[in-house]
Amino acid sequence: MKMKKIILYMVLILIVVWAAFSLVSSFSPGKDYAAEKLIYRAMKLNSVIARNPDVTPPRLLAAVEKDLLTLIKKYPDAAVTKTAAITLAEFYISNKKYGEAQSLIKSIMTEYKENAAVMSTAQFLKALTYERMGKWDKAFAEFIALRDRYPYTQLGMEAPLYIVKHYETKGETAAVDKAYADAAAFYEKMEKEHSGKRLGYAAALLLIQTNMNSKHYEAAGRAIEHTLNRYPGSMTFRRLLPYLEPIFIEKLKSPERVIAIYKNVMEKVRDPKLKKLLQRHIDKLSGKK
Amino acid sequence: MKKYNIRKNWADSFNTIARNPVVLLPFIVIAFLETLSLEIIFFSARWPFSIIAGPIIKKFFGEAFLHYPANLITLPGLFYFAQTAIYILIGIALTATSVNIFKNIKAHLPVKRDAILKNTVKTYPSLAAYALVMVIVTTLLQKIDMFIFAKALHITTKILPQIPQQVYSISLTIFILLTTVIIQALLILTVPVIVIEKTRLVKAIFKSVRLGFRNFAVIFNLIFLPLAAYLPIILLKSFSAELAGKTFPEITLCTTLLGVIVTVFLDCFVIICVSKWLLDHQPSTKAQG
Chain A
80 MKMKKIILYM
90 VLILIVVWAA
100 FSLVSSFSPG
110 KDYAAEKLIY
120 RAMKLNSVIA
130 RNPDVTPPRL
140 LAAVEKDLLT
150 LIKKYPDAAV
160 TKTAAITLAE
170 FYISNKKYGE
180 AQSLIKSIMT
190 EYKENAAVMS
200 TAQFLKALTY
210 ERMGKWDKAF
220 AEFIALRDRY
230 PYTQLGMEAP
240 LYIVKHYETK
250 GETAAVDKAY
260 ADAAAFYEKM
270 EKEHSGKRLG
280 YAAALLLIQT
290 NMNSKHYEAA
300 GRAIEHTLNR
310 YPGSMTFRRL
320 LPYLEPIFIE
330 KLKSPERVIA
340 IYKNVMEKVR
350 DPKLKKLLQR
360 HIDKLSGKK
Chain B
8 MKKYNIRKNW
18 ADSFNTIARN
28 PVVLLPFIVI
38 AFLETLSLEI
48 IFFSARWPFS
58 IIAGPIIKKF
68 FGEAFLHYPA
78 NLITLPGLFY
88 FAQTAIYILI
98 GIALTATSVN
108 IFKNIKAHLP
118 VKRDAILKNT
128 VKTYPSLAAY
138 ALVMVIVTTL
148 LQKIDMFIFA
158 KALHITTKIL
168 PQIPQQVYSI
178 SLTIFILLTT
188 VIIQALLILT
198 VPVIVIEKTR
208 LVKAIFKSVR
218 LGFRNFAVIF
228 NLIFLPLAAY
238 LPIILLKSFS
248 AELAGKTFPE
258 ITLCTTLLGV
268 IVTVFLDCFV
278 IICVSKWLLD
288 HQPSTKAQG
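Just so you know, the sequences run in chain order A and B. For the first sequence, the working numbering begins at 80 and goes up steadily by one. For the second sequence, the working numbering begins at 8 and goes up steadily by one.
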């Protein structure tokens, strides 16, 4: 009897502690945990829909929309609310609910004016909505706005390449060439304006990518040489050295430039393994010469 | 020499626990403390508990583990630390209390709370030191198991590359359980020896190892089957991350709690079985029997 009482007390204590902890945590300023639970549920359902969107029952779509809308309305101050708003906008776009997407994007852009990452994503989704609606002229203007207003964000930086991709998909060769030229000019300008900084480095890498994709190998080679000199470091070397031989030897037929670059890099490298590897390449290329 | 009847030991031990559930009480207290710690860990990622626990979790696991559902992935790991601390500080003393109660019941002595607590307090330093030794041995054993298994895996993947990953995880779990039971067979008698024979720690460990070696088959069989009943829980725990992805993240809390409840009965049954074996092998008991 006494033992039963002890067990009962222990169970009661556990229940009371659980209830008290739940109650106390429900007073959280942003109600973050409850919001995180809702967004997790919605995202999980959304991933199920994304796997097979054509045969998704309407109640699943409605459940995702309901969870995200509840989150936005019920927990406006939670840290995940902006993610939920963006996710809902993407959800509307992928389900062709363009009207709802546009009004939601508008409210996001009013609510999160100060947050560059959210604003650039919203701007991107605005452009994407127009593109999906078949209004390319408006979409193009919004992509340009994204590039010019938020060049410091990833989406802003990649906007010129997104434009290129659009024309490539449509098979508009002249427009592709012009878009590549615009993109290269933009990245060159960004690199000059932010030379030596992270943004400059990102622009330099995108410039190389643009020139390589557009098959302007001489410009790509120059950009690689410049980036290796301006941003020396193991990450840069690891990223760019593999491009040297395909560009300078296969495309530009100029092995002596590769040797010069290898020698230049060797002076800056500390890693003995990389030095050895570079020397081996120099020896191999010199032998060929 | 007469063969020891393991089935009779199991039946007698079970009957003793069923007729005298007070033997279980110390293990219920352990379960209570563990569940309490589980509750604290479960709420540690939420406000206001995150004010204290947040920086610690962030430092050791990362920012993501402060948010739902990643916080539930760390739950079994954090609970293991809490369980270890409870085991060293109080769990082992409560186990000894249970053995003491069992000894009194078998000797037809009254179970007096104060006298039993006094006995436990007297042996506490030895018990705590033994618990520490057990934690170190188990941790080392797991590391050795992992090392051996990794080597074996390397060889078997070459021969049988098509075996699914889950098979390896299950095999590793069984391998760890098996080696743990082998080590337990050698060391498990330490607590009953300290309590029943009032021996000092080092002597008790030596006696346990000696008895374990001499009667390895009996002790191994005596504890293996009850501990093997824990295998489904260990498997559930080791697949909890996959299970959480397929069902709901809180399943990790449920499996951990289930483990705590099952352990109450299994640990109690195993220690009573070996204590009974020790009593059966004591000259005075034999003479009486």
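Source of the hints: derived by calculation from the structure; they are not laboratory data. Please read all numbers here as calculations on a predicted model, not as lab measurements. By construction, the Cβ of each residue, glycine as well, lies at the ideal position given by its N, Cα and C atoms. Do not rely on the hints blindly, as some may be mistaken.
Said to hold, decoys possible - Some chain A residues flagged as far from chain B (calculated, every beta-carbon gap over 10 Å):
{"hint": "1", "residue": "Ile86"}
{"hint": "2", "residue": "Phe100"}
{"hint": "3", "residue": "Ser101"}
{"hint": "4", "residue": "Ser104"}
{"hint": "5", "residue": "Pro108"}
{"hint": "6", "residue": "Glu115"}
{"hint": "7", "residue": "Lys116"}
{"hint": "8", "residue": "Ala195"}
{"hint": "9", "residue": "Asp216"}
{"hint": "10", "residue": "Val348"}
{"hint": "11", "residue": "Arg349"}
{"hint": "12", "residue": "Lys355"}
As the list claims (entries may be wrong) - Simulated crosslink set (BS3-like; lysine-lysine; CA at most 25 Å straight-line):
{"hint": "13", "chain 1": "B", "residue 1": "Lys214", "chain 2": "A", "residue 2": "Lys81"}
{"hint": "14", "chain 1": "B", "residue 1": "Lys65", "chain 2": "A", "residue 2": "Lys81"}
{"hint": "15", "chain 1": "B", "residue 1": "Lys65", "chain 2": "A", "residue 2": "Lys161"}
As the list claims (entries may be wrong) - On the chain B side, residues computed to face chain A include the following (Cβ under 10 Å):
{"hint": "16", "residue": "Pro28"}
{"hint": "17", "residue": "Leu32"}
{"hint": "18", "residue": "Val36"}
{"hint": "19", "residue": "Lys65"}
{"hint": "20", "residue": "Phe68"}
{"hint": "21", "residue": "Gly69"}
{"hint": "22", "residue": "Phe72"}
{"hint": "23", "residue": "Tyr75"}
{"hint": "24", "residue": "Thr81"}
{"hint": "25", "residue": "Thr186"}
The hints, checked one at a time:
The claim that Ile86 (chain A) is not at the interface with chain B is violated, since a C-beta of that chain comes within 10 Å of its own (minimum 6 Å). Its closest Cβ contact with chain B, about 4 Å, brings Phe100 (chain A) to no more than 10 Å, contrary to its assignment away from the interface. At the 10 Å boundary, the C-beta of Ser101 (chain A) falls inside the reach of chain B, the nearest C-beta of that chain being 8 Å off. The claim that Ser104 (chain A) is not at the interface with chain B is violated, since a C-beta of that chain comes within 10 Å of its own (minimum 4 Å).
With a least beta-carbon separation of about 7 Å from chain B, Pro108 (chain A) fails to lie farther than 10 Å from that chain, contradicting its non-interface assignment. Against chain B, the non-interface label of Glu115 (chain A) is violated: not every CB pair exceeds 10 Å, the least being about 4 Å. Not every CB of chain B lies more than 10 Å from the CB of Lys116 (chain A), the least distance being 5 Å, so the non-interface label is violated. At the 10 Å boundary, the C-beta of Ala195 (chain A) stays outside the reach of chain B, the nearest C-beta of that chain being 21 Å off.
Chain B leaves Asp216 (chain A) outside its interface by the beta-carbon criterion, the shortest separation being 41 Å against a cut-off of 10 Å. Against chain B, the non-interface label of Val348 (chain A) holds: every CB pair exceeds 10 Å, the least being about 32 Å. Non-interface status of Arg349 (chain A) relative to chain B is upheld: no Cβ of that chain comes within 10 Å, the nearest being about 30 Å off. Once the 10 Å rule is applied to beta carbons, Lys355 (chain A) is consistent with being away from chain B; the minimum gap is 29 Å.
The suggested pairing of Lys214 (chain B) with Lys81 (chain A) is violated, with an alpha-carbon distance near 37 Å, which exceeds 25 Å. Restraint check for Lys65 (chain B) and Lys81 (chain A): the C-alpha separation of about 44 Å exceeds 25 Å, so the hint is violated. Among the hinted pairs, Lys65 (chain B) with Lys161 (chain A) is consistent with the structure: their alpha-carbon atoms are about 23 Å apart, no more than 25 Å. A hinted interface residue such as Pro28 (chain B) counts as satisfied when its beta carbon comes closer than 10 Å to some beta carbon of chain A; here the least separation is about 6 Å, so the hint holds.
With its C-beta approaching chain A no nearer than about 6 Å, Leu32 (chain B) sits inside the 10 Å limit, and its interface hint holds. Because the smallest distance between the Cβ of Val36 (chain B) and any Cβ of chain A comes to about 8 Å, under 10 Å, the interface hint for this residue holds. Look at Lys65 (chain B): its Cβ only gets to about 15 Å from chain A, farther than 10 Å, so that hint breaks. Here the hint on Phe68 (chain B) is broken, as its CB sits about 16 Å from the closest CB of chain A, past 10 Å.
Of the supplied interface hints, the one on Gly69 (chain B) is violated, with its beta-carbon coming no nearer than about 16 Å to a beta-carbon of chain A, more than 10 Å. This hint is violated: Phe72 (chain B) has a C-beta 12 Å from the nearest C-beta of chain A, more than the 10 Å allowed. Against a cut-off of 10 Å between C-beta atoms, the interface hint on Tyr75 (chain B) holds, since the closest Cβ of chain A lies about 4 Å away. Residue-level restraint check for Thr81 (chain B) is violated (minimum Cβ-Cβ distance to chain A is 15 Å; threshold 10 Å).
Interface hint status for Thr186 (chain B): violated, as the beta-carbon distance to the closest one in chain A is roughly 34 Å, over 10 Å.
This entry does not satisfy hints 1, 2, 3, 4, 5, 6, 7, 13, 14, 19, 20, 21, 22, 24 and 25, going by the numbered hints stated previously.
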